[in-house]
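**Q** Required output: the full structure, derived from the provided sequences and hints.
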Amino acid sequence: MRTPSNRVLIIMPAWNEAEAISAVIKEIHAELPGVDVLVVDDGSGDNTAAVAGAAGASVLRLPYNLGVGGAMRLGYRYARDNGYDITIQVDADGQHDPRFVPELIAGLEHADLIIGARFAGVGAYQARGPRRWAMGMLGMVISRLARTKLTDTTSGLRCSNRKMIEYFADWYPVEYLGDTIETLVRAIRDGHTVRQVPVEMRPRQGGVPSHSPLKATVYLGRAFVILLLALIRR
Amino acid sequence: MNLTIVTALTGLTVLIVIVELLRRRQLREKYGILWIGVGLVMLPLSVFPQALNGLSSLIGIASGVSMALFFAVVFLLLTCIHLSWEVSRLEEETRILAEDIALIHAKLESNENAQ
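Here the protein sequences line up with chains A and B, keeping their order.
Each residue of the first sequence is one higher than the last, beginning at 1 in our numbering.
Each residue of the second sequence is one higher than the last, beginning at 1 in our numbering.
One or more hints might be untrue.
What the hints assert, rightly or not - Subject to a maximum C-alpha distance of 20 angstroms in a straight line, what follows is the list of computed SDA-like cross-link-like pairs (lysine to any residue):
#	chain 1	residue 1	chain 2	residue 2
1	B	LYS107	A	GLY43
2	B	LYS107	A	TYR64
3	B	LYS107	A	ALA54
4	B	LYS107	A	ALA50
5	B	LYS107	A	PRO63
6	B	LYS107	A	GLY53
7	B	LYS107	A	GLY83
8	B	LYS107	A	ALA169
9	B	LYS107	A	LYS163
10	A	LYS26	A	ALA54
11	B	LYS30	B	LEU77
12	A	LYS163	A	LEU220
13	B	LYS107	A	GLY56
If you're looking for bench data, these hints aren't it; they were derived computationally from the structure.
**A** In structure tokens, the structure reads:
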């Protein structure tokens, strides 16, 4: 994976993922030799940091929980300070398949930020009800902004070039959902190009998914507010 | 008369609490002075509520008491907004500190391992 000119870093925000994270890191090392892995332990109560370190990842430990957004900005600061050219955001629960990483990186030829999209034809991942409407609405609005079809704007699988790394190291929203929606809207408005590459999602390797109509409705409302704010913010 | 006693005692208590907090260094001066100022305005008004009647009729509010109430609510609202703003700023600052600590920690550990 490591061409002479490119240093690639996988950034993995993790909160209480001790169960799954070791296997995820080992799989990445096996599939993608030469790619470094950074785990940002977001104030876990379990031994996520120790397990990740033992599995061969670099580990940054936040003293208390900052949320995904906080963990991600730290990851981008690390990538910037250590001279990485490409970063890939990957979830610590194993839902993101490392086999798609080369395709994501290849996509950077035409864009600054590549989203690994779950509903773009590959795989069987489905969402229903209010959650699906939220995703549909977000996809529509942000696609128009980006002048390209983006079907999965809340995907956590993202690949950034150096320009994007420096941008995110300076600015990365902390609020809930800011890490997905607001980052996209702002990046596009500031003139960065965003494209998507279809990927297949796997079932999570540990932990429980959150699926209830109430939660999904709250999600819809929050997504809407975040989107509006992102559109009007300076 | 009873009402006057209740309001005056309340005003006094508030003042004493603020001075005590300042004395124990539990309150930053900038906030302490603000609240002492508020207390010093409120205390005479609690004893002589009719003092504001002249001013209130000037701007068309029926009684001085309701004018005081109105401005008190506006003042409290502005203070709350200001505090939310301060908290947002503090959260951003502590977040940067947390990130810096994590980076410094990692650097220290890698130095120790290298030795």
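**Q** Determine for every hint whether it applies to the structure shown.
**A** Here is what the structure says about each hint:
no. : hint                : verdict
1   : LYS107/B x GLY43/A  : 18 angstroms, holds
2   : LYS107/B x TYR64/A  : 19 angstroms, holds
3   : LYS107/B x ALA54/A  : 17 angstroms, holds
4   : LYS107/B x ALA50/A  : 16 angstroms, holds
5   : LYS107/B x PRO63/A  : 15 angstroms, holds
6   : LYS107/B x GLY53/A  : 14 angstroms, holds
7   : LYS107/B x GLY83/A  : 15 angstroms, holds
8   : LYS107/B x ALA169/A : 18 angstroms, holds
9   : LYS107/B x LYS163/A : 24 angstroms, violated
10  : LYS26/A x ALA54/A   : 10 angstroms, holds
11  : LYS30/B x LEU77/B   : 18 angstroms, holds
12  : LYS163/A x LEU220/A : 31 angstroms, violated
13  : LYS107/B x GLY56/A  : 16 angstroms, holds
In summary, the structure is inconsistent with hints 9 and 12 from the numbered list given earlier, while agreeing with the others.
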